Each structure stands twice: as structure tokens, then as C-alpha cells.
Amino acid sequence: MSENQRLLMRLHPVTILCYISVSMGIAMFCMNPVMQGCSLLGAGIFLWMVSEHIVWQRIPVFLCFCLVMAAVNPLFYHNGVTVLFYLNGNRITLEAVRYGLCMSSMLGSVFLWCLSLPGIFTGDRVQCLLGAVSPKAALVCSMTLRFLPMYVRQMEKTKEQQRLLGLYRENALLDRLKGNLKVFAAATTWAFEHSMHTADSMQARGYGTCRRTQYHRQRFKRTDAALCTAIAVLAVTTVIFIKRGKAAMQFYPITDALPLGTESMTAYVCYAVICLSLPFLMAAARIKNHAAGRNR
Amino acid sequence: MELYRIKHLTFAYPDCEMSAQRGDMAGKGKPVLHDCSFQVEEGSFVTLCGGTGSGKTTLLRLLKKELQPAGTVEGMVYYRDRQLEEYAYGETAAEIGFVMQNPDEQPVTDKVWHELAFGMENMGVPSEEIRRRTAEISAYFGIDDWYEKAVDELSGGQKQLLNLAAVMVMRPRVLLLDEPTAQLDPVAAQNFMNILVRLNRELGMTIILAEHRLEEALSVSDRVIVLENGLILHDGTPQQISRSVRETEQVYEALPCPVRLYRTLTAEAEESEAEAGKERHEAVPLTVTQGRRWLLARYQLMQAGCMQAGGMGKEQPVCESRHKVREEKAVIECHHVRFHYKRSCDILRDVSLQIKRAEIVSLLGSNGSGKTTLLHVLAGLLRPEGGRVKVQTQRVSYLPQQIETLFAADTVGEELRLVGAQPSARLAKYRHVHPFDLSGGEKQLLAWEKVLACSPELLLLDEPTKGLDAAARKVIGERLRTLAQAGVSVLMVTHDIELAAAVSNRCGMLFQGELTALSNTRDFFRGNRFYTTAAARLSQDLFSDILTEEELSAQCRILDMQEKYREDHMELISGQQK
Chain U
1 MSENQRLLMR LHPVTILCYI SVSMGIAMFC MNPVMQGCSL LGAGIFLWMV SEHIVWQRIP
61 VFLCFCLVMA AVNPLFYHNG VTVLFYLNGN RITLEAVRYG LCMSSMLGSV FLWCLSLPGI
121 FTGDRVQCLL GAVSPKAALV CSMTLRFLPM YVRQMEKTKE QQRLLGLYRE NALLDRLKGN
181 LKVFAAATTW AFEHSMHTAD SMQARGYGTC RRTQYHRQRF KRTDAALCTA IAVLAVTTVI
241 FIKRGKAAMQ FYPITDALPL GTESMTAYVC YAVICLSLPF LMAAARIKNH AAGRNR
Chain Y
297 MELYRIKHLT FAYPDCEMSA QRGDMAGKGK PVLHDCSFQV EEGSFVTLCG GTGSGKTTLL
357 RLLKKELQPA GTVEGMVYYR DRQLEEYAYG ETAAEIGFVM QNPDEQPVTD KVWHELAFGM
417 ENMGVPSEEI RRRTAEISAY FGIDDWYEKA VDELSGGQKQ LLNLAAVMVM RPRVLLLDEP
477 TAQLDPVAAQ NFMNILVRLN RELGMTIILA EHRLEEALSV SDRVIVLENG LILHDGTPQQ
537 ISRSVRETEQ VYEALPCPVR LYRTLTAEAE ESEAEAGKER HEAVPLTVTQ GRRWLLARYQ
597 LMQAGCMQAG GMGKEQPVCE SRHKVREEKA VIECHHVRFH YKRSCDILRD VSLQIKRAEI
657 VSLLGSNGSG KTTLLHVLAG LLRPEGGRVK VQTQRVSYLP QQIETLFAAD TVGEELRLVG
717 AQPSARLAKY RHVHPFDLSG GEKQLLAWEK VLACSPELLL LDEPTKGLDA AARKVIGERL
777 RTLAQAGVSV LMVTHDIELA AAVSNRCGML FQGELTALSN TRDFFRGNRF YTTAAARLSQ
837 DLFSDILTEE ELSAQCRILD MQEKYREDHM ELISGQQK
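Chains as they are written, first to last, in this note's numbering: chain U, 1 to 296; chain Y, 297 to 874.
By construction, these hints were calculated from the structure, which means they are not laboratory data. These figures come from a predicted structure and were not determined experimentally. Be aware that a few hints might be false.
Covered stretches of chain Y, going by a simulated chain U footprint (3 or more residues, C-beta under 8 Å) [what the hints assert, rightly or not]: (1) 330-341; (2) 408-414; (3) 693-700; (4) 704-716.
Here a beta-carbon is modelled for each residue, glycine too, at the ideal position from N, C-alpha and C.
Produce the complete structure using the sequences and hints provided.
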């Protein structure tokens, strides 16, 4: 586990979910270049911190995706008053280009937020979240996670064995299909046997005797409570000031001027604090770590 | 205090459609348990011993309310002065712990920590308490290091340890274990037994252990109950059991080597003493250490190696039942085979091996040494990365460790028809039964029939005796001998040292992906001090060149006879002098 991950692992999954959903949610519903910029920056750094190596492979895909999104809007949407040029007799307008850019950065940042999810929400954390809603669902999830790899392995073993016995080795499609079906049936029979034993094991350990508690290793600490409250307060403030400062811009037919009044500025600052503080903290911790490593 | 009191317990599985279909006598309401009565004292270590189908699993399950099989029960099971039936369902779930045979089948959840917490979650224990108890138990069992891991990543031994810990964390008063070490390799099995002993000695945990072999269990248990065909044959301390088990009984094969040796050598003396109305007070040696001490005392071998001085040990192996390999033609050869799986280090580094016709070669070695991988390479399932494999025959058969993977059809008849064979007389009555519904022994039989159906010239075996009782192991040994005599070559990887020593022509050890010490069986075991048969360990430094129990007892017999001859001779001389 890297140093950055460790910082996150100290937080309760609910806190992280809260952080990501608020950052993502506000960005999704507020078309504003400043907000989108914040969101993109926050998501970018966050992803970089969470999963270091994967990011570089995905950056080209991500850029292409954004460019295509930015290009598609003006090509297909011809509203707006400022005509830049005509393409095949269709107007390409400045407003459409602006909207396309804003839209693509919004989609891009959502994409980045989502990319960082698997790095954070490992099986344990998902179960922790799920368990808060329904302990039974969490248990089923856990059991499935154990069972599926076993089932696949059993199927592979059976297949190997049947091949060794010289059965279904022919390349004829029908024969192979038949063989696979047989193997599937055999593995499923095995699965039934297995599930019977599992049921025994569950009963032997008192499953269904009384109300289950849900044990998870993450604790909701004071830091988590403080962070969640801070995020909630800031989020509410942001939303209020977005409304009051009309920070959500209109692009058609004429693009609004970028709202820069006190109220909208407050919204920007609040949002920036929400979505940038955690990534910056992580980055700072990392830089400090690097420096410490170099000094040693 | 008594924890369990079982009174005249008789149990029969219901006469269901299935058993009628099987045409099996056992299914027609014939009792699996007959009038069993015994008590279990709190804090005792009781071993239930019996072969496959002796009813020990059924008996064990009847002792836990949640696992009681459906069927007709007569007699009573008292648990702490109340009948087990009177307890509410789940009331004793935590108090009576149960560990199953197959380490893969007990875990319910995907993570080690969750598995430990599972039982307590069911009991509604609050989170903080669960945290405390899992911490305590993982410290006690030493599972901190893999606390975060997925259950699938663990080795068999670790899994079984986890299963035990997951039961222990619920703080049971009594532990019921159904052949917990049958599926483990010897090292892991020994480790597991040590922990059981520790639980018994340190915490006063009552333990009821079902086992089909007594090598490890006999010396550590307070009491042994021998079951055969649902009847309690013997019930007593290990010493009493070692004396009272008759040689004709199945369980005799399950006794440890020192006990059997003692019995063989003292049988005549005991008989004559019994006629004279005397009773023996000498303790039966239960462990190798005790056995060595006893042998030393018996033959007054005060110094190591003095037997050689007397010229006794130099004699060639007394009985050599092994067949000879005559032909030089190799059935399979591999040269400098290398292999590694994706994202792992080399499993096989440089393995060269040659198996001749009608030869049995055994490969021993610890888990993860690449034994199964080598078999897969030789069977053609995996392509070696370096080196080459030359198979001189078309008919190669492979018996996997998990024999269920051999079965892919719906009935036994269909199963064998697929490989072009007819069921043998013993399986004929199960023609229409699903392979998974067969008993353990019958499954084994079907697997062998299926594998042998193509009349193979080369047989690759992956731990053929894993989890089998003494009788079944003997059958497999015999079968291998017959096959080799018929000209079949056999390569088996096994943990079963006794089997390897008894049947193979050559043995080798696979260690870290390299084949070491591949040589004549006798030479191989002569070079080993630790990794060798019980008989060899018993006689180390006392007699040279002992491999099997028969050899050892024959050697001792010769000594006895010489001693007797000397005594007679002395008497004669003294008589003449008079």
C-alpha cells in the first residue's frame, strides 16, 4: 500500500463516498468553467494519488474522449448567435464550441472520479457500505466473491481432466460445445454439493438464530465525523450561493458572462475547498515523503 | 463433570428413493449406528476411530444439534444434564464447535478477518466485542500475518487453521472435529494436531476427534473409541486400546507402527502369559521415541550400532517383495524441463526424469515444490518452457487429486461408457446412480475404473491415498503392484511415505522445482533421517537398512530366535556339564 493510499485508508468509506459524490454531483449539475476546472483538477490529482501507474496508460484514452466530446457538440448542435464558419452548410457557432468544451470537461471529470473508485472501494469497503444498508446483502456479496473464483477453478479443472481422458478434444464446434456443456453441468453439480456444505457450516455457526450484527473493520472516527460535517456544510453553502449568484451559466443563444460576483465567488471557493483539499493534502504528504526519502 | 452422555444411540438414515435406486442394503433403513453408549468428561481428548463408513461422521454430527442428520434416532444424547433435543435451535451453536473435514468447504466468506467474525456476527455480538475477540484469537493462533488475505490465497493447512480459529472464536466448551487432517499434508497435519493438543492442555478444551488413522492421535488422546460398522468395538485409554484391538479388526491397520510392532513381537509371549493367568504390565510403546526405548531395552542394545558388531545388521534385507524392473526401454523421458506460471517464480527449474516400463516411481516433497505441475507437464496439460518431454506411448492416464473432476456424466454407467468401459461387478448395481451420490470408497473405485479404462501404459497419480483410511490405502498399494506386474509404468507424487516405500522402485524428492536424490527406493530412504518411514525411524542406529515394518519385525524375530537358540544351547551345555 502506498503512502497516499494509507492516508485514505484511515478514512471511513462513508467519508470518501461523501467526498466523491459531493464533488462529482455539484460538478454534474453546475455548468460553469471555474467549477469544471476545479473538478477536473481535483479528480485528476486524486486519481493520480490513488492509483499511480494506471493513470498514465489511461491518459491518452481520456484525452481522446474529451476531444471527441468537445468536437461533437458544435458539429451536431447549431444553436447560438456567433457563427464561426460553415461546415457542409451547417453553422458552427462559438456558443456551441464553448458548451462543448464545458460539457466535455464535465464528463471528463466525472470519468476521472469514477476511475478512482475501484482503487478505493475494494471488496472490504464496498461490503462495509453495503452492510450499512443491508447486512444480508453484504454477506451474500462476500459469499459470492468467494464462490465465483472457486466455481471457475472447478470448471477449469474438470475441463482439463476431461481433455486428458481424451474426451471432447476434437475441434468440431458441436463436439466442443457439447463437452463444455457437460463440464458446466458437472461443475454446477459440484457447486450444489459445495453449497450444501456451506449451508451446514453456516448453521453450525449459528446462522439465523438471532439478529445478525455487521462487523467491519473501518471505524467511523472523529476525523470522519468532522470531515463529513465540513463537506456537508460546504456543499450546502455552495449550492445556495450557486443559486443566488446564478453561477450555473446559460450557453444559448448567447453565453452568459462568467459570473464573478461575491456570491458566485463564494460558491467557487467553497467548491474548491471541498474537491481540492483532499487531493492537495495527499499530494503534499507525498512530496514530503519523497523529500524525506531523498534526505535519507 | 460429564459433558456428554450418550445412551443406547441407534441411528438409521431414512429409506429414501435414492437408496432404493441404489439397491444398497445400507440404504434400506439399516442402522448406521448401533446402540452406542459412552460418556465424555469435560476437558478430555477423545478420539473416535474407525474406517470409512464406520459411522463416525454420523455419530459426530448427532452430537451437534444444528448438524443432526435426518433419520430415525433411538436412544438419548445428553449434553450437560439436558437432552440435546431440549435445547432451542441455535442455543448450543456457539458452545459446541464443529470443524469439517475438507478445509475448502467450511469457509463462508471471502476474507480471513470476515470468516473469523462470521460466527459472532450470527450471534449478534456487538462490533467492538468482535474486534477484541478476533484480535485475541488471531494472536493465539498466529494468523496476524494473513489476517487481511482472501481465504482463497491460503494453503490447505492455513485454511484448516482458520476454520478452527473461526470456531474457537465463538468460545465453545467442546470441539467436534471430523477428520480435520485427512486432506492436509503431513507437516500441516502435525501442526494442526499440535494446536489441538495445546487447546486441550492449555485451555482445558474438551475435544472429540474423529480420525481414521491413529499415528498422531493415539499418543495425545485420553480416550479412544473404536467404531466399526456402527458398533463401538473398544472404548478405553490408548494403552488399553493398543492391547485390546484384535489383529483381524480393520482398525489394527490404523494403529501406529510401534504399537503394531510391539503386538507382533509379543503376541506369543502374551498368549502364554494369558494362559498362565498373568497380566502384562509393560506399557505399550505409542510413539517412535517410546518404541525405540522399548526396542533398546528388549535387545539390550546399549550402544548405537552394536548390532552390526554382532553381524546381525549386515544381512541383506530380510524380505524384498518389490518386483524387479527388467526392461530398459523408457516409457516417458523428460530432459531439463523448466516451467513457471504467469507472475510467479519458476515452479520447475531443471527436471530430468526417465521412467521405464513396469516401473513405479514416487516423487515426494513439500507443498508447492512443483509436484502437481510436473505431472501436468508430463500429461501434456502444460507446455514446458524449456527442455523436452518425450512420451513413447499413446496411452497415458492421469488420476487427479480431486477425483470429482473426473466425473462429468449423470450416471455411473454413462461415465464409464464415455471412456468405452463397462462397470465392474462392484459398481454394476450403481449403474444409474449419479457419481456424486456414491460413497467415498465407491467414488475412488469409479475413478480408478475410469482412469484404467483405456488400459494405460503410463499412469500418473496425484496423491492417490489422500484422505483414505488404512484399508483403502492398502488396496491402492496392492493395485499398484498388480499394475506394475502387468507392465504399467506408474509415476506418483505423494506425501504418503509408507506407500512410496512399500511399492516404488525408485523414489525422488522434488524440492524448489528441482528433482533431487532420485534413486533406488532403498538408497533413497537410507539417505534420509527425517523424511522416512516410521519403521526406519524406529530402527535408526539399531538395525541398518530397515525400510518397512515387515522387515523390522522379521529382523526382530531373527534376533528372538537366536536368543532363544542361545538360551537353549546354554541350557544344553549346562545340562551336559552336570
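Hints, verified against the model:
Only residues whose beta carbon comes within less than 8 Å of a beta carbon in chain U count, and the region 330-341 of chain Y has 0; fewer than three means the coverage is violated. Counting residues of the region 408-414 of chain Y whose CB lies closer than 8 Å to any CB of chain U gives 4, which reaches the minimum of 3, so the coverage claim holds. Counting residues of the region 693-700 of chain Y whose CB falls under 8 Å from any CB of chain U gives 5; the rule of at least 3 is met. Against chain U, the region 704-716 of chain Y contributes 5 residues with a C-beta closer than 8 Å to a partner C-beta. That satisfies the three-residue criterion, and the hint holds.
Of the numbered hints given earlier, the model fails hint 1 alone.
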